[in-house]
Every structure is written in C-alpha cells, then in structure tokens.
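There are 2 protein chains.
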Amino acid sequence: MLDSLSVSKFLDETASNSPAPGGGSVSALAASLGTALTSMVCRLTMGKNSNVTIQIELESVLIRSEKLRAQCTALIDEDTNAFKKVIAAYRLPKNTTEQQAQRAAAIQTAYKEATMVPLQLLELCAEAIVLLKTVGEKGNKNALTDAGVAVLMLGAASDGAAMNVRINLANITDLSFVEANKILINSLQVNVSNSAQQTLFRINERLFSY
Amino acid sequence: MLDSLSVSKFLDETASNSPAPGGGSVSALAASLGTALTSMVCRLTMGKNSNVTIQIELESVLIRSEKLRAQCTALIDEDTNAFKKVIAAYRLPKNTTEQQAQRAAAIQTAYKEATMVPLQLLELCAEAIVLLKTVGEKGNKNALTDAGVAVLMLGAASDGAAMNVRINLANITDLSFVEANKILINSLQVNVSNSAQQTLFRINERLFSY
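Heads up: the sequence lines are chains A and B, in that order. Positions in the first sequence are counted from 1; adding 1238 to them yields this note's numbering. Positions in the second sequence are counted from 1; adding 1238 to them yields this note's numbering.
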C-alpha cells in the first residue's frame, strides 16, 4: 500500500526511474490532501461557531468529505495497480497470430480499466469541490486559506485526472467508449474548474475585502 | 518531522481539528510532488534517449530538480513550525503595558518569519517550473502526462503559497515590508502561472496533436 509509505519515501519512489507511482497516483494524493483540508476546516469551524445551523451543516459536510478522502486515498494504489496491468499486457507473448490477438485484447481491456481510475477520481473531485462552496462561505475565517489550498489541490487533481483519462483513451480502439468518456470528462473537468474559480473568488473576498 | 509520517497518517493529521499541518505544509508537499515527478520524467528520458545532448541537458535538470525537491520538502515542516511560533506569540502574557508591547512585537516578528516560508516556496516553484519547460519539450513522450501533473502540482503550490503570504502580510504593520513583498509575490505568482500555462499547452500539443 503506497499510503503506508512515509511521505519522504513516497516522494523518493515517485522521483525514481520507475514509472509508478506517477502522475495518476499523485493526482489521487492531491485530491486526498484537498479533502483532508476540507475536513480540517469543518472541524475548526464546528468547535468555534455558536450558530447551530452552521454546526449541523458543517458536520454533514465533514462526514461526506471524510468518505471522499478515503475513496481518493484508495485510488493512489489503484492507479499504480491499473498502470502495472497495462505494462503486463504489453509484455504478453506475441509470437503467434493467436497470441497477438490475445495480447491486443488484453491491452485494450487494461487501458479501459486504467481509464476508470482517473475517471473515478474526477467524479470524486466534482463531489468534493461542491462541499468547499459551503466551507468557503461558512468556514472559520482563520482557516479560510486552508479551504483555499483545498480548492487548489482538488482543481489540480481534477486536471491531472482528466489528462490521464485522455492519454488512456488515445490508446483505446472502441470508439463509442472513447467518445462517451471524452464528453463525460470534459463536462466534469469544466464543472470542477468553474466551481473552483467561484469558491476561490469568494474565499479571497472574505479574506481580503473586509 | 512531518515527512517521516506515513502518507495515511499525514492525511489524518491534516484532517484533524489541529490547524497544523494546514494549507502551507500541503502547498510545500504539492511542490515536492511536482519536483519528484520532474525528476522521474528526467530519469525515464535519460534511460531511453540516445541523443547525447538531451541526455546531458536532462541530467543537469535532474540535479537541479532533486535539489529543489529537498528544499520544498524541508518547507513542509518549516511552515508548520512558523505557524506554531505565531500561536505561541499570541499566547504570551498581556497583563501589563510592557507585556502587551512585548507580545505585540513578538507577534509581528512571528508573522514576518511565517511570511518567509511560503515566500521561499513561491521562489522554489518559480525555479522548478522553468525546469519543466525543458522536460515538457524534450521528455520521454510516454511520461509526458507525469510532466503535466508536475506542472499542475507546482501551479497549485505556487497559488497556495501566494495566498499564505498574503494572509500573513494582512497581519503585519510594517508597511514597507508589506508593500515590497506584495510586489514580489505578485510577480512570482504571475511568472509561475504563465510558465505553467505555456508548458501545459506544449505538453498537450505533443501528446494529442500528432
């Protein structure tokens, strides 16, 4: 499990000449960091705010952000595992016509599976960024920069995930699968990006305008 | 040392109701991840590219990116420590006029020190993003999405650091210090953002246009 490595060792493994963990796992970690900061701002607000409605609202956000954090963290490993399956498919024997066909089919299956991991990450980022709208609006002002960094982490994770979906789709021959997923990720990525910009704007307004 | 925690524990600590580690340390970790991916793409290119000029160029980029990675990783702890010093200054006694003056001075000193950490991170991001221009142009095409995620991590780290500098500056009364640093971070942040956009554009062009 990559998340049981120390931060220092995870960085060393990333920097090494092995392609995994790479950008996919790092994007999943960035989303995990974004949801972790979201949870922190909820907790720092719940302890300090006497408004019961806000307390209840942020408690509900916290439960959802902790669930999303667990899901994002699981994808750190899943991305690396899916990548390894693609490599394994490429290494299948290709001596006979039958082997070549089997290998080609295995490569396609592996790429489809590898597409699903960053696609799922993108969907999780889209859910998580919605929570930050509430946190950015109602969170403890002393922790608002943390909410801002959470937005930045989820924005970067979403763009990284979208890039990884696209590069996998470029290797997939099933055009209906490719087109359906292209439309889906474009829509998700734009949604996350718009929400991120709006929430950052509101956070900066609360931090610096009054 | 925060980087000796497991990834999982680091995330738990971030999500907890203690304000540190928070957005500053997470920004430093994002920059560390960006430089780690930069190093990985250098290593994956050096092993695969027969062009001696590119080999030598990327070896030089690798040395610089590994140095930057160590510096960014050190800031994960430094940000949390600087934040703790601000809290400690606020907790100084304020019963007498003398104590009040000493406390106010200590708070100012602590905020100035706390400003220096994200400012240094922003400077490191500005150096690191330049390296990615070369990596994005000459890196192994199979690892280009990793270079893309590196750009995204450094962009988010830079914006996070700039936000943290600004919130510290908002508490500092030495206006010449505030103005000089505002000008500096605006310029650094715009530089990083422009370089990031250009490099991402070039990476997408190499990945998807031919």
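Everything labelled a hint here was simulated from the structure, so no lab data went into it. Heads up, a few of these hints could be off.
Claimed, not checked - Below, in silico cross-link-like pairs of lysine-lysine (DSSO-like), each with a Cα-Cα straight-line distance of 27 Å or less:
id, chain 1, residue 1, chain 2, residue 2
1, A, Lys1322, B, Lys1379
2, B, Lys1286, A, Lys1323
3, B, Lys1247, A, Lys1379
4, A, Lys1286, B, Lys1420
5, A, Lys1332, B, Lys1332
6, A, Lys1286, B, Lys1379
7, A, Lys1322, B, Lys1332
8, A, Lys1286, B, Lys1322
9, B, Lys1286, A, Lys1379
10, A, Lys1305, B, Lys1420
11, A, Lys1420, B, Lys1323
12, A, Lys1323, B, Lys1420
13, B, Lys1420, A, Lys1247
14, A, Lys1379, B, Lys1379
15, A, Lys1332, B, Lys1322
16, B, Lys1420, A, Lys1322
17, A, Lys1247, B, Lys1379
Please read all numbers here as calculations on a predicted model, not as lab measurements.
Consistency of the hints with the structure:
Between the alpha carbons of Lys1322 (chain A) and Lys1379 (chain B) the distance comes to roughly 18 Å, so the proposed pair stays at or under 27 Å and holds. For the suggested pair Lys1286 (chain B) and Lys1323 (chain A), the alpha carbons sit about 21 Å apart, so the restraint of at most 27 Å is met. A hinted pair counts as satisfied when its Cα atoms are at most 27 Å apart, and Lys1247 (chain B) with Lys1379 (chain A) qualifies at roughly 26 Å. Restraint check for Lys1286 (chain A) and Lys1420 (chain B): not satisfied, since their Cα atoms lie roughly 31 Å apart, outside the 27 Å limit.
Our distance criterion of 27 Å between C-alpha atoms is broken by Lys1332 (chain A) and Lys1332 (chain B), whose separation comes to about 78 Å. Our distance criterion of 27 Å between C-alpha atoms is broken by Lys1286 (chain A) and Lys1379 (chain B), whose separation comes to about 50 Å. For the hint linking Lys1322 (chain A) to Lys1332 (chain B), the alpha-carbon distance of about 60 Å lies beyond 27 Å, and the restraint is violated. Between Lys1286 (chain A) and Lys1322 (chain B), the direct Cα distance comes to roughly 19 Å. Compliance with the 27 Å bound is thereby established for this hinted pair.
Taking the CA atoms of Lys1286 (chain B) and Lys1379 (chain A), the gap is near 50 Å; set against the 27 Å cutoff, the hint is violated. Distance hint between Lys1305 (chain A) and Lys1420 (chain B) is unfulfilled; the C-alpha atoms sit about 38 Å from each other, more than 27 Å. Using a Cα cut-off of 27 Å, the hinted pair Lys1420 (chain A) and Lys1323 (chain B) is violated, with the two alpha carbons roughly 48 Å apart. Between Lys1323 (chain A) and Lys1420 (chain B) the CA atoms are separated by roughly 48 Å; this puts the pair beyond 27 Å, and the hint is violated.
Of the supplied pair hints, the one linking Lys1420 (chain B) and Lys1247 (chain A) is violated, its CA atoms being roughly 35 Å apart against a limit of 27 Å. Taking the CA atoms of Lys1379 (chain A) and Lys1379 (chain B), the gap is about 44 Å. The hint is violated against a cut of 27 Å. A C-alpha spacing of about 60 Å is found between Lys1332 (chain A) and Lys1322 (chain B), which places the hinted pair above 27 Å, so the restraint is violated. Restraint check for Lys1420 (chain B) and Lys1322 (chain A): the C-alpha separation of about 46 Å exceeds 27 Å, so the hint is violated.
Between Lys1247 (chain A) and Lys1379 (chain B) the alpha-carbon distance is near 26 Å, which keeps this suggested pair within the 27 Å criterion.
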